[in-house]
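Colleague: Chains as they are written, first to last, in my numbering: chain A, 1 to 151; chain B, 1 to 151; chain C, 1 to 83; chain D, 1 to 83.
Don't take each hint at face value.
[Unchecked claim] Once the Cα atoms are required to be at most 20 Å apart in a straight line, the calculated DMTMM-like pairs of lysine to aspartate or glutamate come out as: (1) C/K69 / C/D28; (2) B/K58 / D/E73; (3) A/K46 / B/D24.
No lab work stands behind these hints: they were computed from the structure.
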Amino acid sequence: MIRVQREVFETGVEIETMTSGRTDIGAVVSFTGLVRDFNEGTTVSKLTLEHYPGMTEKQLEKIEREANERWDLQGSMIIHRYGVMELGEPIVLVITASAHRQDAFEAASFLMDWLKTKAPFWKQEEDAHGQSGWVSERREDIDALDRWEKK
Amino acid sequence: MIRVQREVFETGVEIETMTSGRTDIGAVVSFTGLVRDFNEGTTVSKLTLEHYPGMTEKQLEKIEREANERWDLQGSMIIHRYGVMELGEPIVLVITASAHRQDAFEAASFLMDWLKTKAPFWKQEEDAHGQSGWVSERREDIDALDRWEKK
Amino acid sequence: MTILYFAWLRTKLGMSTEDLPCSDEVFDTDSLVAWMKTRGPAFAEVFSDLEVVRIAVNQEYITSNTPLKDGDEVAFFPPVTGG
Amino acid sequence: MTILYFAWLRTKLGMSTEDLPCSDEVFDTDSLVAWMKTRGPAFAEVFSDLEVVRIAVNQEYITSNTPLKDGDEVAFFPPVTGG
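Whenever a hint applies, use it, and build me the whole structure from the sequences.
Modeller: In structure tokens:
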């Protein structure tokens with residue numbers, strides 16, 4: 001399941017929704033990305049996320065499908081916010097559920113690496129002086145994705 | 001922080017406690033292990049976890065310390081329950097917080113692999129007929145730990 | 001065709017979307033980009049380094065020249081930075 | 001010394017803890033295990049395959065013979081299966 005939304009979400013509520021009433025899930029991994037006050041050497045006071053409505057949903061659905069093909073998952077969820085966000089607020093959530101912990105860990109890590117380089121979102125950061133700038137692509141994110149290339 | 005307890009815990013509440021009021025955390029990973037109705041080919045109706053009070057806490061503290069030495073973490077937590085548990089209930093929780101997602105993912109995965117082979121807990125499963133038996137060590141868990149051996 | 005610009009391409013061009021007809025001059029993504037470069041200094045600058053411009057046609061990434069027809073949605077944007 | 005048994009060692013021996021003095025016969029973990037094997041069929045069985053018995057002295061795992069003294073806490077248990 002994927003959701004692209006302006007509103008804040010709660011990681012705990014989403015985990016509860018995925019696992020509630022189920023007795024076949026052995027392992028749940030969640031990743032929550034938060035707005036932090038410091039990025040690549042700059043103080044951040046506010047973050048705005050622009051996205052490409054339509055393509056975003058398509059890409060997230062494709063990523064989620066790919067993870068479900070590669071790993072044995074009993075549930076998966078991606079939530080990504082857009083719009084203006086304050087420090088400490090959540091930006092992105094990935095949850096994976098599986099019978100075994102290794103599948104859940106790897107699939108969650110894969111989803112985040114993939115999303116970071118393929119999902120059409122762009123961050124604009126504002127510093128303490130109200131100066132805003134577009135965040136640059138990180139070399140580490142491209143390298144991280146290479147790990148998942150099928151040999 | 002570590003906790004060994006009989007009571008059920010809530011993953012969402014624990015994540016909230018770790019991140020609340022903080023603006024320096026970029027990534028939070030949680031792993032929740034749940035009681036599932038099927039294990040190694042057997043139907044499970046109830047689970048009892050025995051532990052070694054004293055040594056359990058020592059081992060968990062040692063594991064947590066090791067993770068904090070290896071990765072750059074801004075927070076870490078391990079909760080492990082003991083006693084009788086119903087299907088679907090949580091058994092174990094690991095949370096890691098970091099500025100970067102890779103650190104949080106790796107540390108959480110390491111903590112779980114380590115805990116699975118070093119923390120003195122023993123599972124006794126009861127099947128639908130009330131027959132109970134001790135769970136055997138899994139070869140995969142020993143192999144999983146090998147990944148983290150320092151070369 | 002609908003053309004979309006995102007992030008710093010949008011702010012530099014001062015425009016998020018426009019409608020363009022296909023023509024003898026503009027009929028695939030290569031010819032569209034070539035034409036874009038001729039539209040003035042802002043466009044020339046934005047399309048000067050194609051290493052930092054991603055192209056999607058009908059909401060799918062493309063990495064080689066792709067034919068275009070009226071009704072297509074073409075988007076230009078920088079490498080993504082979400083997550 | 002306090003001796004502790006956990007999981008199937010505990011259920012097979014029907015005992016979770018006992019107090020034992022150090023002696024000329026029992027003064028390190030090797031001699032303690034050797035003496036355990038002489039205590040009857042249940043003990044002989046439990047200690048027959050040391051591959052599946054873990055030993056902790058004062059709540060730390062040991063993997064080689066370790067001296068023991070009165071006041072020590074020695075635990076015998078199978079490979080762990082928590083998490």
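Colleague: Now, for every hint given, state plainly whether the structure supports it.
Modeller: Do the hints match the structure? See the list:
Restraint check for C/K69 and C/D28: the C-alpha separation of about 8 Å stays at or below 20 Å, so the hint holds. For the hint pairing B/K58 with D/E73, the CA-to-CA distance comes to about 14 Å; that is within 20 Å, so the pair holds. Between the alpha carbons of A/K46 and B/D24 the distance comes to roughly 13 Å, so the proposed pair stays at or under 20 Å and holds.
In summary, this structure violates none of the numbered hints.
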